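*Asks:* Line by line, the protein sequences are chains A and B. Heads up: the first sequence begins at 1 in this note's numbering, then just goes up one per residue. Heads up: the second sequence begins at 1001 in this note's numbering, then just goes up one per residue.
FYI, nobody ran anything at the bench for these hints, they're computed from the structure. Treat each hint with caution, since some may be false.
[Unchecked claim] Derived, one-sided and incomplete: chain B residues facing chain A with beta-carbon distance under 8 Å:
(1) Leu1057
(2) Pro1115
(3) Val1154
(4) Leu1184
(5) Gly1185
(6) Cys1186
(7) Gly1216
(8) Cys1219
(9) Tyr1275
(10) Ile1286
(11) Pro1296
(12) Ser1298
[As the list claims (entries may be wrong)] Simulated DEER-style distance windows between Cβ atoms:
(13) A:Leu129 - B:Pro1014: 25 to 31 Å
(14) B:Leu1047 - A:Tyr30: 40 to 46 Å
(15) A:Pro228 - B:Arg1055: 51 to 57 Å
Fair warning: this is a prediction, and the values are worked out from it, not measured in the lab. Note that the Cβ used here is the ideal one computed from N, Cα and C, for glycine as well.
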Amino acid sequence: MAKSTRRQQLEAVALYPVDWLEERSGLVGYTKWFLFRKVPHDISWAQTLGAATLTAFIVQAVTGVVLAFYYKPDPASAYASVQNITEEVTLGWLVRGMHKWGASVFIILMFFHMARTFLFGAYKYPRELNWIIGVLLLALGMLEGFTGYLLPWDNTAYWATVVGINLNATAPFAGPFLAQFLQGGLDIGPDTLAKFYALHMLLIPGAIMALIGLHLYLVVRLGVTSPPWSSSSAGRPRPETDGSRQGLIREPGTPASDGGQE
Amino acid sequence: MSEREQHTPPLPAPSLWPIGFAIGIACVLVGLVVSTAALVIGLVVTLVFGGLWVRDLAGKRPPAVAAAPKPAMATEADLNATTDRATFLSLATVGVGGLIGAGVTLPALGFGVLPSFVGDRVETKEVDLGPISNFPEGQYVIATYLEDPDLGEVTRRTAFVRNNGRTEAGEPSFTTIFSRCVHLGCPVQPNGPIDEEARQEVNGVELRPVLAASFGCPCHGGLYDSEGNRNAGPPVRSLDRYEFSIRNGNLILGRLFSVGDVDGTGAKARISKYYRAYPGVHVDGIEKWLYPIPTPGSTS
């Protein structure tokens, strides 16, 4: 079917920037590799929990950056600046609320995502490394919760952090040093607030982003797991298979071979 | 494909030098905290073993058995010459890069972590609670003060002070209990009526007499008797106390210390005294071996 000249011209104009980018960076190809991949035919909403968790994290990152415009991490003004965000700044109440409640959503979704992975057996070979990365992400997410809880600098924040730090201090051998590192002295003080702020918005989010990148890379490389009741398995074919493992991982859609059932 | 395989550098033979190098680094780190001598020894060990390691890697080539199985297109001499130069350059890049990286990372890491491990930010501020005549004999007074008024409310502390009269030796005796629970650090409350009408403020210190028969913690139910000994609940030792002194007739609170237990009461009490430890940390009994090193800053 011959396209009209005008249509061809329009397509060329539209595709020119994409081609330009692809020719110089290969980014379009990588994006296609990342986004357009085969998944099992019988996946369900359960497999969207990871993406939901990622969304919750992005919400936290974006609202956190905006909150940092107005938050002042020093003991004299921290509480007042949070009040200012909530009461005075336009839409501050909304962004703070999103960050506060989003934090809980993020943690809850991580647990749901982990439960799905566990119950579907999606942590098994060859995805063990991704499970390990996920556990690290869970720990870092909890640390975000712990460090973020202090920042409103009210009585709840103060005493919860006193108890939290002293809990760390009871660990044998290293405990007291860990506690001292966290609060920068024998008691909670200005150093504690600044340190928690830096951990909360620089160090831990950086680590989380790096690990999420690795997590996603492995998801794309290894493919989405079929549900345990599925008659087919999915994933990219292994680059090389030896005889004993033949048939363990198949092209999506191909029928299961004898003895190859996972 | 096969050509690429030929260029794979042969694996270095196993060596003990990296282990010595690691021991040296560990010694340096310990030395940074403990003593200069250990630091110097650690540096020497690190340099010696590091040098041996580098010489090992750069100098002697292990027999290229692993790389040999396929017939080489080039002669073996050519191959060795190529891999040698490549290996040297990789090692040089890694080595120089590592040195630069360490030069940036180690100071930053040290700055981030070490202050907490050497007790940098720990200092004792003496607190003047005013004339001792404000403390009636045999009764607890709740003294609330700001440890550092510049830093504000975050340094608000509470002490329970009881004038015990004089010891047998004729010295003035005070029981000076710090209000933080030795379970996890919540504020302990005196169990008894507070005489709000006798409340007074002396140099910014709020004094409120209380009839305290015991102290209780609202967080997890820790209960202490009137000497601060644990009666019930999760605490692992007796309530912390202050050292005190009397200057120009004023009661001065000094350094905090931890208490194993208190034998006897009031002026006759015998107190087993330890360096200040974190709440929840055992100072006596068999569990104290779980916390062998005193908290930095608590001993000075």
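*Asks:* At a threshold of 8 Å, is the proposed contact between proline 1296 (chain B) and chain A supported by beta-carbon distances?
*Replies:* 6 Å, holds
*Asks:* So, serine 1298 (chain B) near chain A? Judge it on the closest CB pair being under 8 Å.
*Replies:* This hint holds: serine 1298 (chain B) lies near chain A, its Cβ roughly 7 Å from the closest one there, short of 8 Å.
*Asks:* Holds or violated: is the Cβ of cysteine 1219 (chain B) closer than 8 Å to a Cβ in chain A?
*Replies:* Nearest chain A Cβ about 7 Å off; hint holds.
*Asks:* 40 to 46 Å was suggested as the range; check whether the CB atoms of leucine 1047 (chain B) and tyrosine 30 (chain A) agree with it.
*Replies:* Once the Cβ atoms are compared, 45 Å apart, the range 40 to 46 Å for tyrosine 30 (chain A) and leucine 1047 (chain B) holds.
*Asks:* Does tyrosine 1275 (chain B) pass the interface hint, meaning its C-beta sits closer than 8 Å to a C-beta of chain A?
*Replies:* With a closest approach of 11 Å, the tyrosine 1275 (chain B) hint is violated.
*Asks:* Hold the hint about proline 1115 (chain B) up to the distance rule: shortest CB distance to chain A must be less than 8 Å.
*Replies:* Holds - the Cβ of proline 1115 (chain B) comes within 8 Å of chain A, reaching about 7 Å at its closest.
*Asks:* Against chain A, is glycine 1185 (chain B) within 8 Å by beta-carbon distance?
*Replies:* Nearest chain A Cβ about 4 Å off; hint holds.
*Asks:* Take the C-beta atom of proline 228 (chain A) and the C-beta atom of arginine 1055 (chain B), compute their distance, and say whether it sits inside 51 to 57 Å.
*Replies:* Since proline 228 (chain A) and arginine 1055 (chain B) have Cβ atoms about 56 Å apart, the given range 51 to 57 Å holds.
*Asks:* Should the hint that cysteine 1186 (chain B) touches chain A count as held when the rule is a Cβ pair under 8 Å?
*Replies:* 6 Å, holds
*Asks:* Can we keep the leucine 1057 (chain B) interface hint, with Cβ of chain A closer than 8 Å?
*Replies:* 29 Å, violated
*Asks:* Take the shortest C-beta to C-beta distance between glycine 1216 (chain B) and chain A; is it under 8 Å?
*Replies:* Violated, because the Cβ-Cβ distance from glycine 1216 (chain B) to chain A comes to roughly 16 Å (cut-off 8 Å).
*Asks:* Does valine 1154 (chain B) pass the interface check with chain A, least Cβ-Cβ distance below 8 Å?
*Replies:* At 5 Å from the nearest chain A Cβ, valine 1154 (chain B) passes the 8 Å test, so the hint holds.
Comparing the model with each numbered hint stated earlier shows that hints 1, 7, 9, 10 do not hold.
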